[in-house]
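Asks: Below, each chain spelled out in residue letters.
2 protein chains.
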Amino acid sequence: MVNSESTVVSECLKLKRISIDTNYENVVYLHRECSIYRAEGFQALAKIEVFTNGHSIQATLNVVEDQAIVAIDQIGLSIDAFSSLGMPEGTSTYVRHAERPESIGVLFKKINGERLNKVEYNQIVSDISKLYYSKIELTAFLIATNQDEMDREEIYFLTDAMVSCGQRLNWFEHTVVDKHCIGGIPGNRTSMLIVPIVAAHGMLCPKTSSRAITSPAGTADTMEVLAKVELDDAALSEIVRKHRACLTWGGTANLSPADDVMISVERPLSLDSTTQMIASILSKKVAAGSTHLLLDIPIGPSAKVKSVPEAQRLRKLFEYVSSRMNLHLEVIITDGRQPIGKGIGPILEARDVMRVLENDPRAPDDLRHKALRLAGRMIEFDPDVKGGDGFSIARDILESGRALEKMNAIIDAQGRKAFDHNNPGLAKYVHEVKADKSGVITSIDNLQIARIARIAGAPKVPGAGVDLAFKLGDKVKVGDTLYRFYAEHHSDMIFTMQECQKASGYTVGESSELLHAFVEY
Amino acid sequence: MVNSESTVVSECLKLKRISIDTNYENVVYLHRECSIYRAEGFQALAKIEVFTNGHSIQATLNVVEDQAIVAIDQIGLSIDAFSSLGMPEGTSTYVRHAERPESIGVLFKKINGERLNKVEYNQIVSDISKLYYSKIELTAFLIATNQDEMDREEIYFLTDAMVSCGQRLNWFEHTVVDKHCIGGIPGNRTSMLIVPIVAAHGMLCPKTSSRAITSPAGTADTMEVLAKVELDDAALSEIVRKHRACLTWGGTANLSPADDVMISVERPLSLDSTTQMIASILSKKVAAGSTHLLLDIPIGPSAKVKSVPEAQRLRKLFEYVSSRMNLHLEVIITDGRQPIGKGIGPILEARDVMRVLENDPRAPDDLRHKALRLAGRMIEFDPDVKGGDGFSIARDILESGRALEKMNAIIDAQGRKAFDHNNPGLAKYVHEVKADKSGVITSIDNLQIARIARIAGAPKVPGAGVDLAFKLGDKVKVGDTLYRFYAEHHSDMIFTMQECQKASGYTVGESSELLHAFVEY
Chain A
6 MVNSESTVVS ECLKLKRISI DTNYENVVYL HRECSIYRAE GFQALAKIEV FTNGHSIQAT
66 LNVVEDQAIV AIDQIGLSID AFSSLGMPEG TSTYVRHAER PESIGVLFKK INGERLNKVE
126 YNQIVSDISK LYYSKIELTA FLIATNQDEM DREEIYFLTD AMVSCGQRLN WFEHTVVDKH
186 CIGGIPGNRT SMLIVPIVAA HGMLCPKTSS RAITSPAGTA DTMEVLAKVE LDDAALSEIV
246 RKHRACLTWG GTANLSPADD VMISVERPLS LDSTTQMIAS ILSKKVAAGS THLLLDIPIG
306 PSAKVKSVPE AQRLRKLFEY VSSRMNLHLE VIITDGRQPI GKGIGPILEA RDVMRVLEND
366 PRAPDDLRHK ALRLAGRMIE FDPDVKGGDG FSIARDILES GRALEKMNAI IDAQGRKAFD
426 HNNPGLAKYV HEVKADKSGV ITSIDNLQIA RIARIAGAPK VPGAGVDLAF KLGDKVKVGD
486 TLYRFYAEHH SDMIFTMQEC QKASGYTVGE SSELLHAFVE Y
Chain B
6 MVNSESTVVS ECLKLKRISI DTNYENVVYL HRECSIYRAE GFQALAKIEV FTNGHSIQAT
66 LNVVEDQAIV AIDQIGLSID AFSSLGMPEG TSTYVRHAER PESIGVLFKK INGERLNKVE
126 YNQIVSDISK LYYSKIELTA FLIATNQDEM DREEIYFLTD AMVSCGQRLN WFEHTVVDKH
186 CIGGIPGNRT SMLIVPIVAA HGMLCPKTSS RAITSPAGTA DTMEVLAKVE LDDAALSEIV
246 RKHRACLTWG GTANLSPADD VMISVERPLS LDSTTQMIAS ILSKKVAAGS THLLLDIPIG
306 PSAKVKSVPE AQRLRKLFEY VSSRMNLHLE VIITDGRQPI GKGIGPILEA RDVMRVLEND
366 PRAPDDLRHK ALRLAGRMIE FDPDVKGGDG FSIARDILES GRALEKMNAI IDAQGRKAFD
426 HNNPGLAKYV HEVKADKSGV ITSIDNLQIA RIARIAGAPK VPGAGVDLAF KLGDKVKVGD
486 TLYRFYAEHH SDMIFTMQEC QKASGYTVGE SSELLHAFVE Y
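As you go down the protein sequences, you meet chains A and B in turn.
For the first sequence, the working numbering begins at 6 and goes up steadily by one.
For the second sequence, the working numbering begins at 6 and goes up steadily by one.
Isolated chain A, as found in the complex (with noise of 0.2 Å):
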């Protein structure tokens, strides 16, 4: 036996990148004949700390038996947890076992029914943001902390610890105005003509948005037709003093990323919780500078929101965090038992969008109604606009040209990519859904609708997508094309009429059947 008292640690791994995307989770891995730190020794404790002169990271650990993929004498990294450590190949890679992140006691405190504080939802968020912890733990927080299991002075902490840990821009004006609707209505492409609308009045607008999550495209996906959206700070800063407005992606800014984290959990597990989007939405906001929000709270049997009083509460809570984080919000619930207008996918959108602007004839009206009723509301946040003007104000300036020659601007500052709304580059394969029967059109799935939109490749395939021909209350007859779908591949036009097949999303009867709006606005 040999008596160990006086030896020092030495030996190390090599580094490895291993090109597997774990998409927000940090993967270590070792071989499992790996000589030094064999994997074993770990395996129970599941998670382990990589560390190197001065950098370290922890990741989960997965036991590979295949030399080809790491070897024995290699410490892999997946492509997210190689990036955090940010060293290069091939450098020597110690590890050792991880301690737990420290807030772990904390989510413990949570999941057993406890009310925590600011100070350790600061603890929680910013070891989240910090991808300390595993897809598991985030989900142990995200359901510890669903729905009824915070209180609304918790939301705020937990907006207020997202914020905290990352950038805050400041503007350094009295006004900075955003919208931002909770999602779930395909097609609703408002932000792009809000954004100029009120940048022409003069508002301060510096817009930036998400790509699509769980929907067919997303406002920054949309706008990535027509325009670059990816910019840095500076370039961003420049357009937006010179433009009053930009439409941008704004994950390049690293505003709230802990949200960023627990996005990858929400989306595979489809967890829509109101707390978590009142946070990831206000956090987002009052991160990116803004002062004033108008939110769009649409309601319609298949969108997030399905009743009045389901609306109203989601709205007092909404108004109550903003009230803490000193942020100005309007709530405007609106109809959404439909999609609005008429494409759904990137190019799609865009298309509708420029119509609008151009005031073509062909524009869908309801996308444009929409947008000038949010646009009139957002004009008045300007202290010398009288309540009411607003609607009013937006028309005159969609009307007038002055819409359009704000975007077009935007469009050139951000840098112009080609399309034209009369011929968009739309994908190969096009396949129509026929009308079983002939009535009126009593009711649109927007959830099937963005299904199937999502099948046939959108918001990936710029090109691909839905094109409704009929809305709510239209007369159809048997064999008329309720709607197109593209594709461009073979593969995803087969799943997406399979899809279709299954449910088309449109049901068709009599017009007594029509359900009517919750909301006239």
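None of these hints come from the bench; they were simulated from the model.
Hints should not be assumed to be uniformly reliable.
[Stated by the list, open to error] Beyond 10 Å from chain B on every Cβ pair, some chain A residues (computed):
#1 I148
#2 R157
#3 S307
#4 A414
[What the hints assert, rightly or not] Where chain B lies over chain A, by a calculated footprint (3+ residues, C-beta under 8 Å):
#5 25–33
#6 132–142
#7 268–276
#8 418–429
By construction, the Cβ of each residue, glycine as well, lies at the ideal position given by its N, Cα and C atoms.
The hints should help you fit chain B onto chain A, whose structure is shown.
Replies: Only chain B this time, still in chain A's reference frame:
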């Protein structure tokens, strides 16, 4: 544009086994450029169905950028997923958008705070046992059913569902006895003493045990030092018929398979929920065909249960669910202030057990005494034994050598391995941890001693672990060796020394500070 009305799907990918152990989660690897089913189209859905002629599994998608791992025309499956699909490499394989497991709707009811019924628990547990749930979905279920989220009838529903989705043994006898400890006490290897004692009394005790999950040794790990523990069903039945007992590993029999899947998340999360513990223990026992169970609940400051009221609450829940499952249960509350016996780790514990059976004067007295107490209570399950007589019957069986004789018969029947407790094959590095002052041992931390033994290599290295020289109440002088630890690998030895320096697990103080036992039995 191509009109697609009459095309059928026909393209496929070649199956490849990817030698990565993802620990009970099916993972499918697709190349980012995969021409037929581009990974991007699937990415947001996260879970896809992989199918071939007559076989199908669901798996979580990881996107790969390296053709050495998975080529553009291949589909890679992790070790578990490949074995679930059960087809050879090169098989033509198809993928499609996975339907979410049907029970996810039910899971969301629970997440939103509703009570589930028996049918609903069956749906969820059946999907879990088939590996249809991703780690994220599993975590969501475990957190949503944690602690106070379930009432006692729901715990029964869960337990019953866990039994239903696996094999259930029937021994065709009135009394089939078993014992179980809720865990958390290192060295607590009483089963290997109780089983031969009660079998020598003539009771049927077909004991299947688990391997260590978070502890330095399970009964199966320790028994494996002395004999084979992985036996097929036929061999096990034969041994039990002949010797009235066995001491084998329970993992081969497909008893409560959902339990193993849930443990794969509970372990890395260190989630120790009462509800899941009850369902896990009782489902395994009922599936194994037990009719009578003795349950050991140790109490102590570093045990799982820290107070008598807490132990009583737990007892009532166990009693309720057992009664609904028609299992006769006796609960015994024991002293859990410190480890039981001296050795911690498979070989060290096997040494202690054999010394008790051989009535060796070096045998740890606390292990011997506790085993006799528990065996006595089990013997009283025998209707012919008077209440209170069990202990002396057990002691007679041990002292007369009949317990050793029975143990030798079991070892021979299962397949004896060479082991000499006078010369156990301990790991090659040994390190002594010394008292830094004189006084009385006032506390020994179960968790820290277990952690030290695990980091030293137990149970994967059978000869690794901790050997205690002093127990609670013993007097020590500065420089006395409190315990030795054994490690086989240099890195393990270094990690263990670091851990002991952080916290030795021992407190030396005044005899007045000694914590009294919560329970005298």
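Asks: Confirm or reject each hint.
Replies: Results for each hint:
1. I148: 4 Å, violated
2. R157: 17 Å, holds
3. S307: 16 Å, holds
4. A414: 33 Å, holds
5. 25–33: Holds: 4 residues of the segment 25–33 of chain A have a Cβ under 8 Å from chain B.
6. 132–142: holds (count 4)
7. 268–276: holds (count 6)
8. 418–429: Contact hint for the segment 418–429 of chain A vs chain B: violated, 0 residues under 8 Å.
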